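S.K.: Take a look at the letters that make up each chain.
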Amino acid sequence: MGTIVFFIFAILAIAAAWGVVTSRNIVHSAFYLALSFSGVAVLYVLMNADFLAAVQLLVYTGAVSIMVVFAVMLTLRGEVSDSNPENRKWGWGAFISVLLFAVIALVVLTNPDWRILPSAWTSGGSAEDMSLLLLSQFMIPFEAAAVLLTVALAGAVILAKGVKENK
Amino acid sequence: MNLGNLSVGLSTYLLVGAMLFCLGLYGVFAKRNIIAILMSLELMLNAVNINFVAFNRFLWNQKIDIHYILTGNVAALFVIVVAAAEIAVGLALVITIYRNRQSTNVDEFNWLKW
Chain L
7 MGTIVFFIFA
17 ILAIAAAWGV
27 VTSRNIVHSA
37 FYLALSFSGV
47 AVLYVLMNAD
57 FLAAVQLLVY
67 TGAVSIMVVF
77 AVMLTLRGEV
87 SDSNPENRKW
97 GWGAFISVLL
107 FAVIALVVLT
117 NPDWRILPSA
127 WTSGGSAEDM
137 SLLLLSQFMI
147 PFEAAAVLLT
157 VALAGAVILA
167 KGVKENK
Chain X
3 MNLGNLSVGL
13 STYLLVGAML
23 FCLGLYGVFA
33 KRNIIAILMS
43 LELMLNAVNI
53 NFVAFNRFLW
63 NQKIDIHYIL
73 TGNVAALFVI
83 VVAAAEIAVG
93 LALVITIYRN
103 RQSTNVDEFN
113 WLKW
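In the order they appear, the protein sequences are chains L and X. The letter at position 132 of the first sequence is residue 138 when you use my numbering, and the numbering goes up by one with no holes. The letter at position 9 of the second sequence is residue 11 when you use my numbering, and the numbering goes up by one with no holes.
Don't read these hints as lab results, they were simulated from the structure. None of these values were measured; they are calculated from a predicted model. Note that beta-carbon positions come from the ideal geometry of N, C-alpha and C, so glycine has one too. There could be a bad hint or two in this list.
[What the hints assert, rightly or not] Under the rule of at most 20 angstroms between Cα atoms (straight-line distance), these lysine to any residue pairs were calculated in the SDA-like manner:
1) 95/L <-> 39/X
2) 95/L <-> 107/X
3) 167/L <-> 87/X
4) 170/L <-> 99/X
5) 167/L <-> 102/X
6) 170/L <-> 160/L
7) 170/L <-> 101/X
8) 167/L <-> 103/X
9) 95/L <-> 108/X
10) 170/L <-> 103/X
11) 95/L <-> 105/L
12) 95/L <-> 107/L
13) 95/L <-> 30/X
14) 115/X <-> 103/X
15) 170/L <-> 95/X
[Unchecked claim] Just a sample of chain X residues kept apart from chain L, beta carbon distances all over 10 angstroms, derived:
16) 111
17) 112
18) 113
19) 114
20) 115
For reference, chain L alone in the conformation it holds in the complex (with noise of 0.2 angstroms):
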């Protein structure tokens, strides 16, 4: 049951990322993203990780998706069918992400010491236990975390907004 649930999923995140790269129109490309990252969610919870599944549905498909198709709807330019296309040496890319993957395929695929398969698993993912790792060993990424939001969140709108000439 869960090996078909990973096999779906997994195929429906490569298969929507695919589309984000190769589409020629960016407002599908920014559907497809939001696709992607709904399929990696359900990876999350295939791996016991429920409060990040429930985190990457929030952040990555209700918030940076949308926040994509605002930016794409605002500096949209002429024909839509025609919004995102690849550079003079889209080749060149192609070649060095094949060989990429290739290496760490070989690598993956000929370490033994990854071919394992999932034992029992006992000790939850849930928000309480997240926050409790949150909130003892890591305090201070968790609260430096909080001072980058702001700060980012501040920057943002000054940097969206415009700083006003002051006489």
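Fit chain X to the known structure of chain L by using the hints.
M.R.: Using the frame of chain L, we list chain X on its own:
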């Protein structure tokens, strides 16, 4: 039905992550629209998250201290936070550049070149 009882091994998850990462890398190299490049970046960060969670799920055993058992998930959570901050600032930059240049084509963003 318990979806968590999967029989797919670690290497399959790593291959899925590698596939997503390489598609994102291709997008970063090949795309002209700066928003498409940002989307590809998000794909790459997402692929890294899959690897974090997969290693956390498969490389654990009962002997690990219970307080550290979800460290990979926490790392993935921080990556998500940084990705959200990055896309917010990135898109604000895109909108500012568009306002000044009426373009989102990275080939035209060369005015730092002398």
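S.K.: Tell me, in ascending order, the numbers of any earlier hints that this structure violates.
M.R.: none
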